[in-house]
Amino acid sequence: MFIDQARIFIKAGDGGTGHCSFRREKFAEFGGPNGGDGGDGGDVVFVASNRVSTLLDLRYQKHYEATSGVRGLKTNCHGANGSDIVIPLPVGTLVKTEDGEIIADLIAEGQTAIVAKGGKGGKGNARFATSTNRAPRQFEPGTPGEERWVNLELKLLADVGLVGFPNAGKSTLISAISSAHPEIASYPFTTLRPHLGVVEWMEHSSFVVADIPGLIEGAHEGKGLGIKFLRHIQRTAFLLYLVDITEWIAEDPVEIVETLQRELQAFDPELLERPFAIVATKIDSQGNGQHLEALREYCRAHHFPFFPISAVTREGLPSLVTYLGKAVLEAKTSCASKC
Numbered sequence: 001m002f003i004d005q006a007r008i009f010i011k012a013g014d015g016g017t018g019h020c021s022f023r024r025e026k027f028a029e030f031g032g033p034n035g036g037d038g039g040d041g042g043d044v045v046f047v048a049s050n051r052v053s054t055l056l057d058l059r060y061q062k063h064y065e066a067t068s069g070v071r072g073l074k075t076n077c078h079g080a081n082g083s084d085i086v087i088p089l090p091v092g093t094l095v096k097t098e099d100g101e102i103i104a105d106l107i108a109e110g111q112t113a114i115v116a117k118g119g120k121g122g123k124g125n126a127r128f129a130t131s132t133n134r135a136p137r138q139f140e141p142g143t144p145g146e147e148r149w150v151n152l153e154l155k156l157l158a159d160v161g162l163v164g165f166p167n168a169g170k171s172t173l174i175s176a177i178s179s180a181h182p183e184i185a186s187y188p189f190t191t192l193r194p195h196l197g198v199v200e201w202m203e204h205s206s207f208v209v210a211d212i213p214g215l216i217e218g219a220h221e222g223k224g225l226g227i228k229f230l231r232h233i234q235r236t237a238f239l240l241y242l243v244d245i246t247e248w249i250a251e252d253p254v255e256i257v258e259t260l261q262r263e264l265q266a267f268d269p270e271l272l273e274r275p276f277a278i279v280a281t282k283i284d285s286q287g288n289g290q291h292l293e294a295l296r297e298y299c300r301a302h303h304f305p306f307f308p309i310s311a312v313t314r315e316g317l318p319s320l321v322t323y324l325g326k327a328v329l330e331a332k333t334s335c336a337s338k339c
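Note that UniProt numbering has the sequence shown beginning at 1, numbered continuously upward.
To be clear, the hints were calculated from the coordinates, so they are not data collected in a lab. Please read these numbers as outputs of a predicted model, since none were measured by experiment. Don't take each hint at face value.
Simulated pairs of lysine-lysine, DSS-like, Cα-Cα distance not exceeding 27 Å [unchecked claim]: (1) LYS74 - LYS26; (2) LYS120 - LYS96; (3) LYS74 - LYS120; (4) LYS120 - LYS62.
Pair by pair, the computed Cβ-Cβ distance ranges are [to be verified]: (5) GLU101 - GLY32: 17 to 23 Å; (6) GLN61 - ILE107: 44 to 50 Å; (7) ALA80 - SER205: 47 to 53 Å.
In this text, a Cβ means the ideal position worked out from N, Cα and C, and glycines have one as well.
Model the full structure from these sequences, guided by the hints.
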């Protein structure tokens, strides 16, 4: 089961209370205070890990709490600090507060974020001794650890995002150019979860493609599978619009492209600013070719990159993969120079 959203409660450990005590020794009549400090509470830490692929476990266990610090002891003994609780999350997880404020964005393997700080241990009475107050009896309680509800959103990390209507050929394409094997069938909505595929395009070079469930008109209003999976292409550097141009498809191919762009704009207007290309799929069974020519003319008129392909016969795939590899490399180089 692919789970990409979760809401959990986290609580850091409380600080231990300081201790109040005095030396009681036979030959030390005025031994003085010797109460130790309390230990600090443990933190709640999130860590990005490639060993975790979904947020499924966090759907069933919603409360996480670090241990509290131990209270101080006599003879100036410091209480033990509480243990941190480390929660592994998939790479690409966004951590937000209930108000939508971003706490952490875990985009690299091993990246950590302290999302709830443990409380500080209180001071023992030995800390309050002065030249005029040699027998203090005051001590401090530990401070409470932070606690909050947090929302987790998983956004897959990919270079190229595939966008299209159901049965546009996205799953077939990703299975043809990578080792990914999503379910492929002749009925709509066979893809019920995003899939990632690594594409090798030249020696020692590769890029990652994300296949998301198909969109339909009105997806931003919750129709079909809605737009709940579109967050997974928000991190992509390049978008690929796939259009089925077989003659038994009732929709006009140009209208399909414009519908897809409207749905993306309704979800996140910044997605329309990403570089993109348009792919005509299933050209091995296109019929009289009217849809193909209409889409070709539309792309030529608007100067959009256009690739007719057949994932089954592999026609057009080499040129498409080479173009995508160069486009991703250019996007990464541009981003690195700006950063």
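Tested hints:
1. LYS74 - LYS26: Measuring from Cα to Cα gives roughly 17 Å; hence the hint holds.
2. LYS120 - LYS96: holds, 25 Å
3. LYS74 - LYS120: holds, 19 Å
4. LYS120 - LYS62: It holds: about 25 Å lies between the C-alpha atoms, which stays within 27 Å.
5. GLU101 - GLY32: 17 to 23 Å: violated, 48 Å
6. GLN61 - ILE107: 44 to 50 Å: Because 24 Å falls outside the window, the suggested range is violated.
7. ALA80 - SER205: 47 to 53 Å: holds, 51 Å
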